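Participant: Next come the chains, spelled out residue by residue.
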Amino acid sequence: MSSFLLGPFPADPNSTVYYLPWIGESVPAGFPSPAADWVEDRVDLNQHLISHPDATFYFTVSGDSMVSHLSERTIPNGATLVVDRAIQAKHNDIVVAAIDGDFTVKRLFQRGKHLALVAENPDYPPIVLGDEQELAVWGVVIAWIVRPK
Amino acid sequence: MIALIDVNNFYVSCQRVFEPKLEGKPMVVLSNNDGCVISRSAEAKALGVKMGAPWHQLREFAKETGLIAYSSNYALYADMSNRVMRVLGMFSPHQEVYSVDECFLGLNGIGGDHTELGQTLKQTVMQWTGLPVCVGIAPTKTLAKLANHIAKKRTGFAGVCEWAKFSPAQQLQIMREIEVGEIWGVGRKISQRLNQQGIYTAADLAHANSEQIRARYSVVLQRTVEELNGHPCIQIEEMQPDKQQILCSRSFGQPIYTEQQLAEAISTYIARAAEKLRMQKSVAASLSIFIRTNPFRPKDPQYSRHVMLPLSQPSDDTLKLTQVALWMLARIYQPGFSYAKAGVMLSDLQPNTAIQGHLFLQTADPIKRAELNATMDEINRRWGRGSIHLASAGANHAWKMKQNSLSPFWTTRWTDIPIAK
Chain A
1 MSSFLLGPFP ADPNSTVYYL PWIGESVPAG FPSPAADWVE DRVDLNQHLI SHPDATFYFT
61 VSGDSMVSHL SERTIPNGAT LVVDRAIQAK HNDIVVAAID GDFTVKRLFQ RGKHLALVAE
121 NPDYPPIVLG DEQELAVWGV VIAWIVRPK
Chain B
1 MIALIDVNNF YVSCQRVFEP KLEGKPMVVL SNNDGCVISR SAEAKALGVK MGAPWHQLRE
61 FAKETGLIAY SSNYALYADM SNRVMRVLGM FSPHQEVYSV DECFLGLNGI GGDHTELGQT
121 LKQTVMQWTG LPVCVGIAPT KTLAKLANHI AKKRTGFAGV CEWAKFSPAQ QLQIMREIEV
181 GEIWGVGRKI SQRLNQQGIY TAADLAHANS EQIRARYSVV LQRTVEELNG HPCIQIEEMQ
241 PDKQQILCSR SFGQPIYTEQ QLAEAISTYI ARAAEKLRMQ KSVAASLSIF IRTNPFRPKD
301 PQYSRHVMLP LSQPSDDTLK LTQVALWMLA RIYQPGFSYA KAGVMLSDLQ PNTAIQGHLF
361 LQTADPIKRA ELNATMDEIN RRWGRGSIHL ASAGANHAWK MKQNSLSPFW TTRWTDIPIA
421 K
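Those sequence lines, one after another, are chains A and B.
Note that the UniProt record's numbering gives residue 117 to position 117 of the first sequence, counting from 1, and the numbers run on in steps of one.
Note that the UniProt record's numbering gives residue 9 to position 9 of the second sequence, counting from 1, and the numbers run on in steps of one.
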């Protein structure tokens, strides 16, 4: 297992610790580092994307219901969703919802009393909630991460 | 004013956040080794499942009733607990995390209607984390506990109970209906003694003579009496004091027989305990280990030994502590028994700064050792517990906990994050 020592560590996306770039404070020659006064926090995806770390969770997308050639908001199979529960879902948000006990990712349609979950893929009909069905919006999708294969 | 907030059926509720289909179903979470029930959904309680019930006695019952059981997933519960505590911490600068699923908040200086604040707390935790909480608000910690109990057990409170909203007559009536053993800080033994003295309810205790209570019991119980009368005696402790001893012990998933297997278990527990020790920047001046057979199988030959050794040099070094522990094991191990449990304890803890001066007197290079330990901690933190360990901890781990119904680590491992279709 010691081979782990040699590999590069990936940035820990769950971490809320912000790593400061380390610039040596004690310079052997006694000559102050000209960079020391210019230290800034390294750009951090967590800080950039996430407003509520304690309310943010990740999901993996399975299936092609959100794949569309017509929409800018196309989410391929296998993408990682960043889901914020602290945000109140509103019309046109992409949400993770629990329908009949399963998680689904869809666009929320809300006009007055009409509530539906719309797939971006035109092959999938919108899910209009019947009286018996229960819709619970689990969280709002604030970003998705797609990695080229 | 003090609020006590706790999560309803914490472990069960954590599971349901990621498996909404479990909502409304009778379910339980089991202790280490899937031994007994440690958390129950409301539906399981309604079926009469008792806290601490052994799972092997419930198997048939579960088949008949559809009761679902999960192994405990402590990584998930720890993460969800941290989230809840941080969300609650946004509401007050005075927070005492009392246990994994409950905390006190000091509300002094926080204006507005406290019941409304309680509702906001409750709704915010639900929205941010998906976990249901109850809130008790009162002038003292003991009464806040009591108010929380009322919010949970009685209907009509919507999960938030503020003691000051009751009239003095109502407060008295409620206290008359609550058994003295239900009060925070009153254990079973004390409540038996109190009963013999004619103190049966919270009201009886509140009206007991405070000085006599101190003389007969303790200053701790006297404080409880004062607190029941609305006089704060127990402060909010915002910093959790460092642990005075660190214990790591487990029952094995199956009985084990050889010293080799015991050594693996002991090494693994030492590694975990030493990691905790380093996290709180302490060193241990003594080390104990124990091994024992299963006392619940009286027909088996029984053996149990517990040894403690003071260390000449206090240490937080996994390598050194393991070496000492295995030396101790060799002295207490007896062949021919079926061992069921082992454990290690680090005690006489002191701050690690106290020994810095001695570092260079040691033979092994202490700086390199410290770096090695820090590196192991870092690797295990990033790659998951046990990614790197001493060879003495072994590889096949036949003794590992039985966790037959373990759910995914939904919030702490990329491979386990939930799926949305």
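Hint data in this document are derived by calculation from the structure and do not stem from the laboratory.
Hints may contain errors.
Pairwise CB distance ranges, derived in the manner of DEER restraints [unchecked claim]:
id, chain 1, residue 1, chain 2, residue 2, range
1, A, Arg73, B, Gly185, 51 to 61 Å
2, A, Thr74, B, Glu378, 37 to 47 Å
3, B, Arg413, A, His91, 26 to 36 Å
In silico PhoX-like links for lysine-lysine, alpha-carbon gap of 25 Å or less [claimed, not checked]:
id, chain 1, residue 1, chain 2, residue 2
4, B, Lys341, B, Lys368
5, B, Lys402, B, Lys276
6, B, Lys63, A, Lys149
7, B, Lys50, B, Lys63
8, B, Lys122, A, Lys90
9, B, Lys165, B, Lys21
10, A, Lys90, B, Lys421
11, B, Lys281, B, Lys320
12, B, Lys341, B, Lys276
To give a feel for the contact side, a few chain B residues facing chain A, derived at Cβ under 10 Å [what the hints assert, rightly or not]:
id, residue
13, Val17
14, Leu22
15, Glu23
16, Val84
17, Met85
18, Arg86
19, Thr258
20, Pro418
21, Ile419
Keep in mind the model is a prediction, meaning the values are calculated, not measured.
All C-beta atoms, glycine included, are put in the ideal place defined by N, C-alpha and C.
Participant: Taking the hints in turn, state whether each one holds.
Facilitator: Structure-based check of all given hints:
Take A/Arg73 and B/Gly185: their Cβ atoms lie about 56 Å apart, and the range 51 to 61 Å holds. Taking 37 to 47 Å as the suggested C-beta distance range, the pair A/Thr74 and B/Glu378 conforms, at roughly 39 Å. Between B/Arg413 and A/His91 the C-beta distance comes to about 34 Å, which sits within the given range of 26 to 36 Å. A C-alpha spacing of about 34 Å is found between B/Lys341 and B/Lys368, which places the hinted pair above 25 Å, so the restraint is violated.
Using a Cα cut-off of 25 Å, the hinted pair B/Lys402 and B/Lys276 holds, with the two alpha carbons roughly 24 Å apart. Between B/Lys63 and A/Lys149 the alpha-carbon distance is near 45 Å, which puts this suggested pair outside the 25 Å criterion. Note on B/Lys50 and B/Lys63: the hinted pairing holds, with a Cα-Cα distance of about 17 Å set against a maximum of 25 Å. Simply put, B/Lys122 and A/Lys90 have alpha-carbon atoms about 22 Å apart, close enough for the 25 Å limit, and the pair holds.
For a cut-off of 25 Å, the pair hint linking B/Lys165 to B/Lys21 is broken: about 38 Å separates their Cα positions. For the hint pairing A/Lys90 with B/Lys421, the CA-to-CA distance comes to about 20 Å; that is within 25 Å, so the pair holds. This hinted pair checks out: B/Lys281 and B/Lys320 have alpha carbons roughly 17 Å apart, not beyond 25 Å. As the CA atoms of B/Lys341 and B/Lys276 are separated by approximately 21 Å, the hinted pair is consistent with the 25 Å bound.
Hint on B/Val17 holds. Least Cβ distance to chain A is approximately 9 Å, under the 10 Å limit. The beta carbon of B/Leu22 is positioned within 10 Å of a beta carbon in chain A (closest approach about 8 Å), and the interface hint is therefore held. For B/Glu23, the shortest C-beta to C-beta distance to chain A is roughly 7 Å, which falls under 10 Å, so the interface hint holds. The closest approach between the C-beta of B/Val84 and any C-beta of chain A is roughly 8 Å, which is under the 10 Å cut-off, so the hint is satisfied.
Look at B/Met85: its Cβ gets to within about 9 Å of chain A, closer than 10 Å, so that hint holds up. Restraint check, B/Arg86 versus chain A: the minimum CB separation of about 5 Å is within 10 Å; hint holds. For B/Thr258, the suggested interface contact is broken, since its CB lies about 24 Å from the closest CB of chain A, more than 10 Å. Interface restraint check for B/Pro418: the shortest CB-CB distance to chain A comes to about 5 Å, inside 10 Å, so the restraint holds.
Hint on B/Ile419 holds. Least Cβ distance to chain A is approximately 5 Å, under the 10 Å limit.
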